[in-house]
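Chemist: Line by line, the protein sequences are chains P and V. Just so it is clear: in the first sequence, position 66 is 66 by this note's numbering, and no numbers are missing. Just so it is clear: in the second sequence, position 194 is 194 by this note's numbering, and no numbers are missing.
Don't read these hints as lab results, they were simulated from the structure. Everything numeric in this text was worked out from a predicted model, so none of it was measured. Be careful, since some hints might not be right.
Stated by the list, open to error - Only pairs whose alpha carbons sit at most 25 Å apart, straight line, appear in this in silico BS3-like list of lysine-lysine: (1) K117/P / K66/V; (2) K324/V / K509/P; (3) K426/V / K66/V.
Here's the letter readout for the chains.
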Amino acid sequence: MIADPEQSAARVQGEALARAGGRENATRFEPAEPAEGLPTEPLLIELSRPGTPGHQLRGHDVPRADFDRRLQRSALRLPEIGELDVVRHFTHLSQRNYSIDSGFYPLGSCTMKYNPKINEDVARLPGIAHIHPLAPDETVQGALGLIYDLERLLAEVTGFTAASLQPMAGAQGEFAGMLMIRAYHQARGDFQRKKVLVPDSAHGTNPATAAMCGFHTVSIPTDASGDVDLERLKAELDDTVVGLMLTNPNTLGLFEKQLLEVTDAVHKAGGLVYGDGANLNAILGIVKPAEMGFDVVHINVHKTFSTPHGTGGPGAGPVVVSDKLEPFLPAPVVVKRADGSYALDDDRPQSIGRLSYHGHFGILARGYTYVRMHGPEGLRQLSETAVLNANYLRSLLRDVFDVPFDRTCMHEFVLSAKRLKAASGIRTLDIAKRLIDYNFHPPTIYFPLIVDEGMLIEPTEAESKRTLDQFAATLKQIAREAEEDPELLTLAPHYAPVRRLDEVTAARKPIIHW
Amino acid sequence: MPTFTQLSPADREEMLRSIGAGSVEELFADVPAQARYPKLDLPPALTEMEVSRHLNEIAGQNISTKDWPCFIGGGAYNHYSPAAVSHIMGLPQFYTAYTPYQAEVSQGTLQVMFEFQSLTCELLGMDAANASVYDGASAVGEALLMAQRITQRERAVFAGSLNPHWQAVARTYVSAREVEVATGRVFVEDGQLHEERLLDLVDEHTACVVVQQPDFFGHIHDLDGLAEAVHERGALLVVCVADATSLGLLKSPGEWGADIATAEGQPLGLPLQYGGPWAGLMACRSEHIRQLPGRIAGQTTDADGRRGFVLTLQAREQHIRREKATSNICTSQTLLTIGITAYLSLMGPAGLREVAEQSHAKAAYFASRVPPGYRVLTPEPFYNELLLACPRPAAEIRSTLVERHILGGVPTEHGLLLAFTEQNTKAEIDGLIQALQEVAA
Numbered sequence: 001m002i003a004d005p006e007q008s009a010a011r012v013q014g015e016a017l018a019r020a021g022g023r024e025n026a027t028r029f030e031p032a033e034p035a036e037g038l039p040t041e042p043l044l045i046e047l048s049r050p051g052t053p054g055h056q057l058r059g060h061d062v063p064r065a066d067f068d069r070r071l072q073r074s075a076l077r078l079p080e081i082g083e084l085d086v087v088r089h090f091t092h093l094s095q096r097n098y099s100i101d102s103g104f105y106p107l108g109s110c111t112m113k114y115n116p117k118i119n120e121d122v123a124r125l126p127g128i129a130h131i132h133p134l135a136p137d138e139t140v141q142g143a144l145g146l147i148y149d150l151e152r153l154l155a156e157v158t159g160f161t162a163a164s165l166q167p168m169a170g171a172q173g174e175f176a177g178m179l180m181i182r183a184y185h186q187a188r189g190d191f192q193r194k195k196v197l198v199p200d201s202a203h204g205t206n207p208a209t210a211a212m213c214g215f216h217t218v219s220i221p222t223d224a225s226g227d228v229d230l231e232r233l234k235a236e237l238d239d240t241v242v243g244l245m246l247t248n249p250n251t252l253g254l255f256e257k258q259l260l261e262v263t264d265a266v267h268k269a270g271g272l273v274y275g276d277g278a279n280l281n282a283i284l285g286i287v288k289p290a291e292m293g294f295d296v297v298h299i300n301v302h303k304t305f306s307t308p309h310g311t312g313g314p315g316a317g318p319v320v321v322s323d324k325l326e327p328f329l330p331a332p333v334v335v336k337r338a339d340g341s342y343a344l345d346d347d348r349p350q351s352i353g354r355l356s357y358h359g360h361f362g363i364l365a366r367g368y369t370y371v372r373m374h375g376p377e378g379l380r381q382l383s384e385t386a387v388l389n390a391n392y393l394r395s396l397l398r399d400v401f402d403v404p405f406d407r408t409c410m411h412e413f414v415l416s417a418k419r420l421k422a423a424s425g426i427r428t429l430d431i432a433k434r435l436i437d438y439n440f441h442p443p444t445i446y447f448p449l450i451v452d453e454g455m456l457i458e459p460t461e462a463e464s465k466r467t468l469d470q471f472a473a474t475l476k477q478i479a480r481e482a483e484e485d486p487e488l489l490t491l492a493p494h495y496a497p498v499r500r501l502d503e504v505t506a507a508r509k510p511i512i513h514w
Numbered sequence: 001m002p003t004f005t006q007l008s009p010a011d012r013e014e015m016l017r018s019i020g021a022g023s024v025e026e027l028f029a030d031v032p033a034q035a036r037y038p039k040l041d042l043p044p045a046l047t048e049m050e051v052s053r054h055l056n057e058i059a060g061q062n063i064s065t066k067d068w069p070c071f072i073g074g075g076a077y078n079h080y081s082p083a084a085v086s087h088i089m090g091l092p093q094f095y096t097a098y099t100p101y102q103a104e105v106s107q108g109t110l111q112v113m114f115e116f117q118s119l120t121c122e123l124l125g126m127d128a129a130n131a132s133v134y135d136g137a138s139a140v141g142e143a144l145l146m147a148q149r150i151t152q153r154e155r156a157v158f159a160g161s162l163n164p165h166w167q168a169v170a171r172t173y174v175s176a177r178e179v180e181v182a183t184g185r186v187f188v189e190d191g192q193l194h195e196e197r198l199l200d201l202v203d204e205h206t207a208c209v210v211v212q213q214p215d216f217f218g219h220i221h222d223l224d225g226l227a228e229a230v231h232e233r234g235a236l237l238v239v240c241v242a243d244a245t246s247l248g249l250l251k252s253p254g255e256w257g258a259d260i261a262t263a264e265g266q267p268l269g270l271p272l273q274y275g276g277p278w279a280g281l282m283a284c285r286s287e288h289i290r291q292l293p294g295r296i297a298g299q300t301t302d303a304d305g306r307r308g309f310v311l312t313l314q315a316r317e318q319h320i321r322r323e324k325a326t327s328n329i330c331t332s333q334t335l336l337t338i339g340i341t342a343y344l345s346l347m348g349p350a351g352l353r354e355v356a357e358q359s360h361a362k363a364a365y366f367a368s369r370v371p372p373g374y375r376v377l378t379p380e381p382f383y384n385e386l387l388l389a390c391p392r393p394a395a396e397i398r399s400t401l402v403e404r405h406i407l408g409g410v411p412t413e414h415g416l417l418l419a420f421t422e423q424n425t426k427a428e429i430d431g432l433i434q435a436l437q438e439v440a441a
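Bound-form chain P, shown alone:
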């Protein structure tokens, strides 16, 4: 039984425990059998049988219209499958996935919290799901009002004065933010700033975004306590600095101890501070980024505000800004007129331009629902619980693995398997794969890049103590297995739909379609 793995581990071989664990929580694989028993799901094209339509259209009610044959395509090889088999195909494929609804998903930096079901219901209301982005303003007053209100809610939570919901994901929010910073400098006649400072612990999107904005990046090292190295930062601050892209809490899960000194130093050099809001989940109602010297922050609605991650998106990446960046927000902007009605204002001469129609409105409606369900107290308690859960899990694991930065964490923390690797040759990758056998999703591994054999663990506020206890007991069990029977790890996973996959051949000889 998985109920008390610690105790079970004492009397059962790890192998047997894993098998039992796999069955106990067998919500994701059907059947919950060792991998060799799982059939592979055919490709759609292999299921295709000519003459079996999956959907029937009503007949023409207007005369057919001819088309010049020269404009018509030669062939179209789409699958032909009946509706039942289409539904089964996708159901089978979904069962080959791990998901939040089926188990613990402590993927650091991704905030895999519970996605409340009410979000999905509201997003499917016809007045949310079936409105056209170019519909006349007078027919979409509810949508414009929701955008207007959500902008203000997000600005209040972060301490800023204005927002744009246009960015469709965090990376596009970064892009919008850095374009606004660029526009700010240029509007002041300052064209020499080309250098963006990025801590070495940052997400890869930060330097990639800076490059898209025509800047070059300088990496700032992390000091021994896990903070930005303030002296090295200061050494780079000159009149060519665009600004700093900073994640806080940072990707080690630590709140920058010298944050005010850091932002102050950047401002003194004439730069602005971009805040990557990936880790906002730790600080709702705890502290407002605007009050710590950030000039613009993007918000990952799919992380902090519970909208589903959807196997890799859709996300939403609104930006919140201070007064000095407000003129540069993406256009159009939703405005409220004197009579209480809403309209789109495209007359924004200093705007960085357009990124989308109105952002990922279907996602924003979900995020709005979530914010409204919490209120000020609820948001604060949410972040407090996320931080409590992370620190508790950390307290259970800090003696089992290396703790590169041994201090109170925020909503996530980093462990390292460096010592274990030296002793047994077992790598973090092996631990991750073995966690799969116990029906847990592995944490983020090998990120941030500055931690050897790192595991970034983010439990979120949504998990129960029982789940955290089970996860910690399982990691301890795996650490024991690493010493006693390392093959259990190096050959893991044993109980997944597939065994380890050959990524090298996949990249060398890419097969990317049928």
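Once you've looked at the hints, dock chain V against the given chain P.
Modeler: For chain V alone, coordinates are given in the frame of chain P:
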């Protein structure tokens, strides 16, 4: 107790003991004291029942395409999506999963990505596709950046009949690099739309020529010879599709010789959602595969030799290459591509062709009955969209259509842009014609 957490007071105490902290507040000691625990001026929390009512009220203030006949297109189209599509996107093991970083427990996602890439290649007539970008507009921006990387040239030439929203978004994508974008002029002469010859705008600095097919005004161009002419000048041809149902019937970008092809995926079974989330399809010739942005799934085998799928060619991506990545894109639209893959599986080649033929036939029916005072400016052949010259400013006409409970198109400089799909019945179109007649004066 906040919503969606599961700790009892006893749990909290026990957890704090394990941590060695006296209170939760102690955990925030690194947060500057003067800024800690600010006041949040937010409305009070609503229960699920209250928030459900509130959101129903908001939704009720919007007119959906289920309420009134919809003739709005301009980049998003009101096609029918079979019920199964929404249910497949609603499978919890899809929508509550994330990026397939751990391939062994993400085979469902990875296989759909592979299937989606295969369908994208087939639809667009190209060799290689990624697993999507944000939408059709950002796909144009990414295509432009990709063409610049391939040709090592900076300038772009846009057809004047390229969707203006896409043009605006693509310009934002290259705005920081101060790229010159030349746009062909569109004008009305002899009662028809005309466009400046694009090749006249191409010079030795031009990375790509970007055209939309069918174009923003619905016209289907004969692109024969364009690719060759563009290549002779050392540039690439980018062909972009707005209403991807047209690919059930019309020549693909690949057949017209495109080097890079993009499409808006929304018409393939995705709800309009006031502009998103949708998905952008993006494909290229095989020699450019390593310049594609975004995620790509590849087929491989596992340790037992079984077929499996992984994220591949990751050396293009931001988490590996950082500032040298092909794009900063990370989280994108995978769930939407699951919907598109399901839609295309259900429709099959005959179903998609039928959607295309009916959408075109509806537009043709309207064009044959244009009321007095109006004139179709879009030259033949057209697909399912028409630019209509009006006796009064197009915005005014649209407002009067709203009074008659019709979502009546997109106003432009030259007239009202009307779109038709298989969902528009003959009776709806007759109603539109009558309403236009009434509001002409």
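Chemist: Hints broken by the structure, by number, lowest first?
Modeler: Result: no hint breaks.
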